[in-house]
Amino acid sequence: MAKTIVIDPVTRIEGHGKISIHLDQDGKVADARFHVTEFRGFERFCEGRTFPEMPGITMRICGICPVSHMLASAKACDAIVGVSIPPAAEKLRRLINHAQYVQSHALSFFHLSGPDLLLGMESDPAARNVVGLIQQHPEIARSGIRLRQFGQEIIRMLGSKSVHPPWAVPGGVREPLNAENLNEISRKLPEAFEITEIALDLLKDRYEKFKPETERYGDFPSLYIGLVTPDGGLEHYDGLLRVMDAEGRIIEPGLHTDRYKEIIAEAVETWSYLKFPYYKPAGYENGAGLYRVGPLARLNICDFAGTPRADRELRQFRRLGVGGRPVTSSFHYHYARLIEILFALERIQELIQDPDVTSDHVRSHAGVNRPVGIGIMEAPRGTLIHEYNVDENGIIKKVNLLVATGNNNQAMNKTVRQIAEAYLSGNDISEGLLNRVEHGIRLYDPCLSCSTHAVGQMPLHVQIVDSNGEVVAERFRD
Amino acid sequence: MSVVTLTINDKLVSAQADKSLLRAIKDQGIEIPTLCHLEGLSERGGCRLCMVEMQGSPRLLASCVTPVQEGMVITTHSERLTNYRRMIVELLLAERNHICCGCVMNGNCELQSVAAKLGVDHVRYDYLCPDLPMDASHERYVLDHNRCILCSRCNRVCDEVEGAHTLDTAGRGIDSRVITGMNQPWGTSRSCTGCGKCVQVCPTGALFKKGATASEMVKQHDFLLWILDGRDKKIWRWS
Numbered sequence: 109m110a111k112t113i114v115i116d117p118v119t120r121i122e123g124h125g126k127i128s129i130h131l132d133q134d135g136k137v138a139d140a141r142f143h144v145t146e147f148r149g150f151e152r153f154c155e156g157r158t159f160p161e162m163p164g165i166t167m168r169i170c171g172i173c174p175v176s177h178m179l180a181s182a183k184a185c186d187a188i189v190g191v192s193i194p195p196a197a198e199k200l201r202r203l204i205n206h207a208q209y210v211q212s213h214a215l216s217f218f219h220l221s222g223p224d225l226l227l228g229m230e231s232d233p234a235a236r237n238v239v240g241l242i243q244q245h246p247e248i249a250r251s252g253i254r255l256r257q258f259g260q261e262i263i264r265m266l267g268s269k270s271v272h273p274p275w276a277v278p279g280g281v282r283e284p285l286n287a288e289n290l291n292e293i294s295r296k297l298p299e300a301f302e303i304t305e306i307a308l309d310l311l312k313d314r315y316e317k318f319k320p321e322t323e324r325y326g327d328f329p330s331l332y333i334g335l336v337t338p339d340g341g342l343e344h345y346d347g348l349l350r351v352m353d354a355e356g357r358i359i360e361p362g363l364h365t366d367r368y369k370e371i372i373a374e375a376v377e378t379w380s381y382l383k384f385p386y387y388k389p390a391g392y393e394n395g396a397g398l399y400r401v402g403p404l405a406r407l408n409i410c411d412f413a414g415t416p417r418a419d420r421e422l423r424q425f426r427r428l429g430v431g432g433r434p435v436t437s438s439f440h441y442h443y444a445r446l447i448e449i450l451f452a453l454e455r456i457q458e459l460i461q462d463p464d465v466t467s468d469h470v471r472s473h474a475g476v477n478r479p480v481g482i483g484i485m486e487a488p489r490g491t492l493i494h495e496y497n498v499d500e501n502g503i504i505k506k507v508n509l510l511v512a513t514g515n516n517n518q519a520m521n522k523t524v525r526q527i528a529e530a531y532l533s534g535n536d537i538s539e540g541l542l543n544r545v546e547h548g549i550r551l552y553d554p555c556l557s558c559s560t561h562a563v564g565q566m567p568l569h570v571q572i573v574d575s576n577g578e579v580v581a582e583r584f585r586d
Numbered sequence: 331m332s333v334v335t336l337t338i339n340d341k342l343v344s345a346q347a348d349k350s351l352l353r354a355i356k357d358q359g360i361e362i363p364t365l366c367h368l369e370g371l372s373e374r375g376g377c378r379l380c381m382v383e384m385q386g387s388p389r390l391l392a393s394c395v396t397p398v399q400e401g402m403v404i405t406t407h408s409e410r411l412t413n414y415r416r417m418i419v420e421l422l423l424a425e426r427n428h429i430c431c432g433c434v435m436n437g438n439c440e441l442q443s444v445a446a447k448l449g450v451d452h453v454r455y456d457y458l459c460p461d462l463p464m465d466a467s468h469e470r471y472v473l474d475h476n477r478c479i480l481c482s483r484c485n486r487v488c489d490e491v492e493g494a495h496t497l498d499t500a501g502r503g504i505d506s507r508v509i510t511g512m513n514q515p516w517g518t519s520r521s522c523t524g525c526g527k528c529v530q531v532c533p534t535g536a537l538f539k540k541g542a543t544a545s546e547m548v549k550q551h552d553f554l555l556w557i558l559d560g561r562d563k564k565i566w567r568w569s
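Protein sequences appear in the order of chains A and B. Under the numbering used here, the first residue of the first sequence is numbered 109, with each subsequent residue one higher. Under the numbering used here, the first residue of the second sequence is numbered 331, with each subsequent residue one higher.
By construction, these hints were calculated from the structure, which means they are not laboratory data. A portion of the hints provided could be inaccurate.
Unchecked claim - Only pairs whose alpha carbons sit at most 27 Å apart, straight line, appear in this in silico DSSO-like list of lysine-lysine:
#	chain 1	residue 1	chain 2	residue 2
1	A	Lys269	A	Lys369
2	A	Lys269	B	Lys564
3	A	Lys506	A	Lys388
4	A	Lys506	B	Lys540
5	A	Lys505	A	Lys136
6	B	Lys447	A	Lys269
7	A	Lys388	A	Lys505
8	A	Lys506	B	Lys539
9	A	Lys269	B	Lys356
10	A	Lys505	B	Lys539
11	A	Lys317	A	Lys522
12	A	Lys522	A	Lys312
13	B	Lys540	B	Lys563
14	B	Lys540	A	Lys505
15	B	Lys539	B	Lys349
16	A	Lys269	B	Lys549
17	B	Lys356	B	Lys447
18	A	Lys506	A	Lys369
Small disclaimer: the values here were computed from a predicted structure and weren't measured.
Based on the provided sequences and hints, a complete structural model is requested.
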């Protein structure tokens, strides 16, 4: 009897989603789908606004990565006015972006995935959460909070508040840092480094234990897309689009971001509000154009990180790829995320020593000079694209938002299927299994609020439905 | 000048006979919400937030357009008045698209401030969510109908102070709209001097400087009295 298992909603992610697992007559996994069930409509209701308002509006897409949307939006607006922003503004934008990586990655590792990693995938669900983590590993939980706080503090210093700071504007930024801020960042930086190193050790010490997960949590060949610096280094704010294939061959070394549509096209499915972008030259059919973005992809595609500590870790990371090929298991998103925190901290250390970050010349002014503006950057979850079309007065005519979670949509679906195939048998759906499937989604640290352009409680609902549509087993979790 | 005596909130007060009730109330240091009123402009009595109770009158009076009279007994704050004031603000919020978070005036908006003071933490009416345009054709300023509360301060300052009368209100009831240059795009108006007085007196984000981003607009009303005192009394307060 064919059945469908539904996990609804998926917990410890940002936004609303559910998973359905379809079983065939023999009880084996026939298909698995990750459904994004919320709809936001930003692309539509931004139409008719003036473009300088866009960073302030689009940052409201998300409370975790508002900085990414703000910066991608500001970059798209820079392109519309056609100005080069002052050097100080670019450095300050990079600084706030690094701070956001620290806070967002720390949230993902310590708070969202930490309970699974440190307490066990199938541990007592009542304690498998951040509160349980605080009870059993108070030091680690506290460290995670401290690290996230460090990132949030920098965002607050620059943008006057840590969530939704209206700070990046077309042509630059509003305010620079002051000397007092610099001292505070400098004072807190050593602790941030220390916490990151501890987190790296924690994860690496558990690698033997997580060998089965490594092989079953989204370990498949795919394409990888992300930004790199013009000389091939790890890049988060600006740069060129690079594409790597499953064998590690670079099939697109560095495409100007304005030409992104040459390599990325979007498909839609009726069962999800999330778009299904794919690598255009390979096509959408049969998952040929499936690519991954985010920390794993960025570390795969770059030639080097560009900072000493991150480069040292990157060399170790590369050893996880078999035969010199890219690292294929999505379980290593966790490791890649920690390396990126290290990278961000090193870059913050460099930037606070640059006199430009206290310069008052942080904003260029100009009117509408181009009808289209494309802003592409790397959000913590992956490549983020904002594209705006405006009329001669700067009124938004069309908005296209292609967010990181969307880019990973096909990969998330494939990961869910792989985990279900590995752990699911018959009608017995244990809570632990469901959590494993959910963790497959958490690896990508998706932000569904972003990707469908709601925030809320996410209890869990699983159903096994037979081929006649009747529910034969059901499980709820609050 | 003759003086009248009236009672405001159980207190006997005197006021100049040619003043409005709102002026007399404010002179007593009593805070009363207003939106269409602005010192220096003629009164319109449009927003109705300054309504007060008068003993002997079954209906409420908009204090800005009610002259003081001998023997009036006035109450400025009561449960009934607060309910009505909240209702007015909620209706304003429901009528157009006042989404504060991305607004250029977020944090500096008079409508937002009045709503906060009245404790409007939700709106009981269905939002109409009208599909309204923005006019960004002017070189320096933008008109956003989504944020307009039809207080007509812009109309009055353009007519009474600048003397250009570029701005008007067209349509009736819920279809009323502020218009520029006899309902032509603002940028094509030949009468607009680009002085920006309308922008400065606008209580919300309906009129703002082009290029302004979220929370960035701060409006200066004090210019109005400075201009008027200079013009009418030849007094310029430089400090």
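Inset, instruction - Could you work out which earlier hints the structure fails to respect and list their numbers in ascending sequence? - result: Failing hints, ascending: 1, 2, 5, 9, 13, 15.
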